[in-house]
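Given chain A, put chain B in place with the hints provided.
Chains A and B are the protein sequences, given in the same order. Residues 29 to 534 (our numbering) are what the first sequence spells out, left to right. Residues 38 to 350 (our numbering) are what the second sequence spells out, left to right.
Hint data in this document are derived by calculation from the structure and do not stem from the laboratory. A couple of the hints might just be wrong.
[Unchecked claim] Covered by chain A, according to a simulated footprint, are these stretches of chain B (three or more residues, beta-carbon under 8 Å):
{"#": "1", "stretch": "40-48"}
{"#": "2", "stretch": "136-146"}
{"#": "3", "stretch": "284-293"}
[To be verified] Covered, in the sense of this in silico footprint (three residues per stretch, anywhere, with C-beta under 8 Å from a C-beta of chain B), are these stretches of chain A:
{"#": "4", "stretch": "296-307"}
{"#": "5", "stretch": "324-330"}
Virtual Cβ for every residue (Gly too), placed ideally from N, Cα, C.
What follows is each chain in one-letter form.
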Amino acid sequence: MQHEAFANTEDFGGPDIVAAPGRASRPGQDEPYAQYALGKPYDEMFTPGGQARAPYAAIDARLATLPLEELNRRQQACEQSFLHQGITFTVYSDNRATERIIPTDLIPRVITAPEWSRLEAGLTQRIHALNLFLRDIYNDGRVLKDGVIPRSMIYGSKHYRREMRGLPVPHGAYVNICGSDLIRNERGEFVVLEDNLRVPSGVSYMLANRDVVRRAFPAVFRSMGVRPIEHYPLELLATLRSLVPFHEDVSIAILTPGVFNSAYFEHAFLARQMGVELVEGRDLLINDNVVYTRTTSGLKRIDVIYRRVDDDFIDPLVFREDSALGVPGLFNAYRAGNVIIANALGTGVADDKAVYAYVPRLIRYYLAEEPILDNVETFLCREEKSLQHVLANLDKLVVKAVGESGGYGMLVGPHASQKEREDFAEKIKADPENYIAQPTIQLSTAPTFVGNGIEARHVDLRPFILHGAETKLVPGALTRVALKRGSLVVNSSQGGGSKDTWVLSQ
Amino acid sequence: MLSRVADSLYWMARYIERAEHTARLIAVKLESMVEQTPEDAAASWARVIEALTGEKTAPSHLDAFAITKRLAFERDNDSSLITSLALARDNARQVREALSNEVWENLNRLYLRLTPVTMDSIWVHTPARLFREALEEMHALEGVTYSTLSHGEGWYFLELGRHIERVQQLGRLLDLHFTAAQSENGPKYFDWLVLLKFCSAWEPYTKEYTASIRPQKIAEFLLFDSEFPHSICFSVDRMSEALARVAPGAPPARRAAVERLAGRLKSAVDFGQVDELMSGGVAGFIADITKQCEQIHKALYASYITYGAETVL
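So here's chain A without its partners, still in its complex pose:
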C-alpha cells in the first residue's frame, strides 16, 4: 500500500467525449447554471435570452453531460499540476511564506476568428502608433510642436526618461513586448483599457493554462479548431534576435529581479523555452561599456537583454541609486550601442492614464487611419467641454488623478456621497489637467466553475504583442477572471484567477 502522502493526485481522468447537443440548460434555471446571472454586462457564452452562443455549443454540450464532481476532480488535478510545476507566487504573512497558485478556471473562453482578426489588426495598429509616438517624443517632438498632445503632459511625466533623448533604437521599436488589457463592453465590442508597455507579465500563464485545459477537455479542444499558441517562445526569440541584425551568433539573456519576484516562474520558464540565459543583476558586469556575464570559464559577452526589471531599478548609476537589482554602468553600455535592452527604457511615458486618452488621436496623427479598437470612453478635464460634462455628471463617472495609481486620488461617482462629489468637484476645478473621467466600466461575464455550479464572473483579456523587425501576435491571450461574485477586480493579488483563451481558426 502506498503511503497517502505519495498518492498520485495529478490524474486528469479518462478520455473526454464530445457530447451530442441535446438537452438545453438555461442560465438561472437549470443545473449546472442554476445560479448563473445574466444581467446588463455582455455575457461571453449566453445571449441575453439565455441561449448558448454558437461558438460555445460544444463546450455547453460537454458541460451538460459532465458531472460536477468530475469537473471538480479535474479542477483539483489542474491545481496539483500547477503546484508541482512550481507555478506559484509567494505570500508573506506572520513571518511565514506561503506558496499559492493563481487559480485557473477550466472552462475556456472563446474568441471567434473574426473577433480575433479585428483584435490583431487593432493591436498591431496601436503598437505601431505607440512606437512612432515614443520615437517622436525622444527625438524631434513633432507631435508636441503640432499641439496634438500637451508638452507638459510628456515632459512632466515621471516615466519620461530624458536619458533616452536622441538614442537610436533598432527598427524604432521601443516596445518589443506589450500586453494590452482589453475588456468587452455591453455591446460586445472589445475596447482597450490599458496599454502595458513596460514589463508586462502573464504570458507563461497563457501557456500553462492551455496545457492543463487541453488535458481536461481534449475532445472538445480538438473538435473546435483552436489555434495553437505553443510557438510563443519561438516568436519571442525571433523578435529579440531581430533587434541585432547582421549578427549571426547573438547572445541573449533575460534579466530577472530574482527568485523572490512574483513573476519569477515566468522568467525562468521563458529562459528555458527559448534556451537563453536567465541572469540576475549580480551575474552581469560592465567593462569598457560592454556587458558580460560571469561564467565558470570566465566572462561572456551579452548582446540583448530582455529585462524584467523596471526602468527605475535597472542601473543605480543613472536611475535609483539604492537599487540592488540592477547593473551599474548598464545604461552607458546601452547608450554606447553595445547592448540592446528590450523593452527600451522610458516606454512607461506612453501608457499612463492621460496619454492613454490620446492614443486614438495619436493613431490618426501618425498613421492617418481611424482606430480599429476603441478606448474606454475617457474625458480629459483639461479640455473645457469635457470638464463641463464631467462636473455635470459626477454621479455617473469614475474620476482619476492621472499621476496616481492603485486607487488613490479617485472618485467613484455612483458610490460617493453628495458632499464627497462636491468636494471633489472643487479639486477638479482647481487643477483640471490632473484629472480624467470614465464611465463605470462593465466587464463582460463568462461561465466559471465555482465548486457547486457554474456561474457568471467578470473577465478581461490580455493578448501579447511582439514587435521587432515585424509585429506578431500569437493567437491567444490571458483571460483574467474575478472569482468573487460581482467583483470587477481581476488582479491575482486580489482574488483573481485566469482562464485559457481559445482563438478559433474559423
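Chain B alone, transformed into the frame defined by chain A:
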C-alpha cells in the same frame, strides 16, 4: 555556465545528498532498534544524532519519537531532512532554466508531499516506511537527473556537490564508529551491521567479504572499494572526473589550482592501506580526507565562482 548557476547546482546536489543520507539513517535506525536492547539502541541513536547534527547527546534520555521528529521534520534544525530538502529546492528554483522539468518536478513533488506529514501520522503504523518511500523518491530523482539532464558542465557541478557531501557524511559516520571502537563500550556486532546498512553497503559488502563482519574489512570496503558508490574512494574518483570537466574554458592557472588539490586527494586515497590505519589511524586519515575536500571546495569557488572580475579583464 553562469557562476551563480554552478553555485546553486552544487548546493542543490549537496542538500539532496544530505537529505538522502538523513532519510537512510533514520529508516535504518527505526528498523533496527526493535532488535536491540534499550541501552544499545540508545548508544546507537546517540551516534546517529552526532553523525547528522554534530551534537553529542547523553544516551540516557533518548526518545525515538522526539529524535525522529527533530531529525526529520523540525525546520529550526539546520540539518533535518525537511530543511535539507527545502534548501535543495530553493537552490533548484533559482536554476529552473538549467534543470529539466522532470528533475524540478520530482524534487518539488517530494518536498510538497513531505511538508504536511506529521509525526503522529507516521508513528501509528510503520514509521520507517515514510523514510523508505522518501528514499525511493530520491533514487528516482537521481535516475531522472541522470537520464534527462545533459551530462555537461551543470551535471558535473551536481556530481561535485553530491560526492563532496558524501565524503563528508561517510567520513563522520566512519569516524564515530572507529573512534568508539577504541573505547571499552564500543560498537558490537550488530552496530557494525547497522553501519553497513547506514551506507547501503550490507549486500555489496557480503558479496565482497562474505557475511563475516569484521571492522577492518568494513573500513577497507567503505574507504577503499573503487566500485561501491558509497565508498570514499568511489566519491573521490567521481570528484576528480568532475573537476576535469567543469569550467572548460577557464585559464590554465586557475584550473591548475583546483586540479592539483584533486590529484593530491586522489593519490591519498589510491595509495592508502587499511592495515596502516587500523591501529587507531582511521580517524586521522578521515580528518585528512575531509580537510582536503574543504580545500577543494574553497579552490573551486575561488577559481570558478567568486573570482574577482579584475583578474580576468
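Okay, the hints, checked on the actual structure:
Given as covered by chain A, the stretch 40-48 of chain B passes the check, having 3 residues with a CB less than 8 Å from a CB of that chain where 3 are the minimum. Check on the stretch 136-146 of chain B: 5 of its residues sit with their Cβ under 8 Å from a Cβ of chain A, so the three-residue criterion for coverage holds. Coverage of the stretch 284-293 of chain B by chain A holds [criterion: at least 3 residues with CB-CB distance below 8 Å; count 5]. Using a Cβ-Cβ cut-off of 8 Å, 7 residues of the stretch 296-307 of chain A lie near chain B, which meets the minimum of three, so the contact claim holds.
Remark: the stretch 324-330 of chain A is confirmed as covered by chain B, as 4 of its residues place a Cβ nearer than 8 Å to a Cβ of that chain, reaching the required three.
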